[in-house]
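Student: Position chain B against the provided structure of chain A, taking the given hints into account.
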Amino acid sequence: AQSVTQLGSHVSVSEGALVLLRCNYSSSVPPYLFWYVQYPNQGLQLLLKYTTGATLVKGINGFEAEFKKSETSFHLTKPSAHMSDAAEYFCAVSGPGTYKYIFGTGTRLKVLA
Amino acid sequence: EAQVTQNPRYLITVTGKKLTVTCSQNMNHEYMSWYRQDPGLGLRQIYYSMNVEVTDKGDVPEGYKVSRKEKRNFPLILESPSPNQTSLYFCASYSTGLGGNEQFFGPGTRLTVL
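Protein chains in written order, with this note's numbering: chain A, 1 to 113; chain B, 1 to 114.
Only chain A is shown next, with the shape it has when bound in the complex (with noise of 0.2 Å):
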């Protein structure tokens, strides 16, 4: 079974500041893990994903994210935010051989100026 938890439904950074998004999940095989982000009235669009190889992953828009296999983590940072990166974000764990997709609940990020 697979799960994924995101930490905080809300978060709200100054311009500029370091954003940090969590995400812990829950996989019985190896996991393909996914950030994705929705901005207004939009739908997802990939912002980077890790399946196998490298654990630090770049993705769009200056974001990364690094699996951490013992902590069972997939946080997402970008090192300043900016006005343009307020949306919502939903990490999601998929599989080899799974059809299944399973996402978190979603942290809506807010940049104060």
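Accuracy of the hints is not assured; some may be wrong.
[Stated by the list, open to error] Reference excerpt, derived from the structure (chain B facing chain A, CB under 10 Å, subset only):
| no. | residue |
| --- | --- |
| 1 | GLY16 |
| 2 | TYR31 |
| 3 | ASP56 |
| 4 | GLY58 |
| 5 | TYR64 |
| 6 | PRO83 |
| 7 | PHE90 |
| 8 | THR96 |
| 9 | PHE105 |
| 10 | PRO107 |
[Claimed, not checked] Label pairs and their calculated CB-CB ranges:
| no. | chain 1 | residue 1 | chain 2 | residue 2 | range |
| --- | --- | --- | --- | --- | --- |
| 11 | B | VAL52 | A | GLU15 | 29 to 39 Å |
| 12 | B | LEU41 | A | MET83 | 21 to 31 Å |
| 13 | A | THR55 | B | ILE12 | 39 to 49 Å |
| 14 | B | GLU1 | A | LEU56 | 23 to 33 Å |
| 15 | A | THR52 | B | GLU30 | 17 to 27 Å |
| 16 | B | LEU41 | A | ALA54 | 40 to 50 Å |
| 17 | B | VAL14 | A | LEU112 | 20 to 30 Å |
| 18 | A | GLY62 | B | VAL52 | 23 to 33 Å |
| 19 | A | THR52 | B | VAL52 | 41 to 51 Å |
[Claimed, not checked] No farther apart than 27 Å at their CA atoms in a straight line, the calculated lysine-lysine pairs in the BS3-like style are these:
| no. | chain 1 | residue 1 | chain 2 | residue 2 |
| --- | --- | --- | --- | --- |
| 20 | B | LYS69 | A | LYS100 |
| 21 | A | LYS58 | A | LYS69 |
| 22 | B | LYS57 | A | LYS100 |
| 23 | B | LYS18 | B | LYS71 |
| 24 | B | LYS17 | B | LYS65 |
| 25 | A | LYS100 | B | LYS17 |
| 26 | A | LYS100 | B | LYS71 |
| 27 | B | LYS69 | B | LYS17 |
| 28 | B | LYS57 | B | LYS18 |
| 29 | B | LYS65 | B | LYS18 |
| 30 | A | LYS58 | A | LYS110 |
| 31 | B | LYS17 | B | LYS57 |
Please keep in mind that the hints were generated in silico from the structure rather than gathered at the bench. Don't be surprised by glycine CBs; every beta carbon is placed ideally from N, CA and C.
Tutor: Chain B alone, transformed into the frame defined by chain A:
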């Protein structure tokens, strides 16, 4: 342009009136899926399809039907909609292999059932 399209984008209907939300993808993906998004609950999978004529239930299938007669299309059918099906619906498609299950999402359909 690679995309997933959904129609309609907005729909207001009444309890019990059958409706269909269409979904089409042009990327030749074998897998397609329907989700509903509700505040505080994230995205929940309704049904998914691994290929033509092969479908399976997700986490919240009650009250919904799907069919996959062609690879590109995956319509969602509500035979007798109820107010608790008021939600934002997303269709998605993906391919396994090198893509690692990356999903491509449609723009969403906002459904209100009165």
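Student: For each hint, tell me whether it holds in the structure or not.
Tutor: Evaluated hints:
1. GLY16: violated (29 Å)
2. TYR31: Result: holds, 6 Å to nearest chain A Cβ.
3. ASP56: holds (7 Å)
4. GLY58: holds (8 Å)
5. TYR64: violated (17 Å)
6. PRO83: The hint is violated - B/PRO83 has no Cβ within 10 Å of chain A, the shortest such distance being about 22 Å.
7. PHE90: holds (6 Å)
8. THR96: Holds: closest Cβ of chain A sits about 8 Å from B/THR96, inside 10 Å.
9. PHE105: holds (4 Å)
10. PRO107: It holds, given that the least Cβ distance between B/PRO107 and chain A is near 5 Å, below 10 Å.
11. B/VAL52 with A/GLU15: 29 to 39 Å: violated (49 Å)
12. B/LEU41 with A/MET83: 21 to 31 Å: Cβ of B/LEU41 to Cβ of A/MET83: about 28 Å, so the range 21 to 31 Å holds.
13. A/THR55 with B/ILE12: 39 to 49 Å: holds (47 Å)
14. B/GLU1 with A/LEU56: 23 to 33 Å: holds (31 Å)
15. A/THR52 with B/GLU30: 17 to 27 Å: holds (21 Å)
16. B/LEU41 with A/ALA54: 40 to 50 Å: At roughly 33 Å between Cβ atoms, A/ALA54 and B/LEU41 fall outside 40 to 50 Å, so the hint is violated.
17. B/VAL14 with A/LEU112: 20 to 30 Å: 42 Å Cβ-Cβ, so the 20 to 30 Å window is violated.
18. A/GLY62 with B/VAL52: 23 to 33 Å: violated (40 Å)
19. A/THR52 with B/VAL52: 41 to 51 Å: violated (29 Å)
20. B/LYS69 with A/LYS100: Status holds; Cα separation ~21 Å.
21. A/LYS58 with A/LYS69: Answer holds: A/LYS58 to A/LYS69 is near 17 Å, not above 27 Å.
22. B/LYS57 with A/LYS100: holds (10 Å)
23. B/LYS18 with B/LYS71: Holds, at roughly 24 Å.
24. B/LYS17 with B/LYS65: holds (14 Å)
25. A/LYS100 with B/LYS17: Violated, at roughly 30 Å.
26. A/LYS100 with B/LYS71: Distance of about 19 Å is within 27 Å: holds.
27. B/LYS69 with B/LYS17: Given that 27 Å is the threshold and the Cα spacing comes to 23 Å, the pair holds.
28. B/LYS57 with B/LYS18: Holds, because 20 Å separates the two Cα atoms, which is no more than 27 Å.
29. B/LYS65 with B/LYS18: Cα-Cα ~11 Å, so holds.
30. A/LYS58 with A/LYS110: Cα-Cα ~22 Å, so holds.
31. B/LYS17 with B/LYS57: Given that 27 Å is the threshold and the Cα spacing comes to 23 Å, the pair holds.
This entry does not satisfy hints 1, 5, 6, 11, 16, 17, 18, 19 and 25, going by the numbered hints stated previously.
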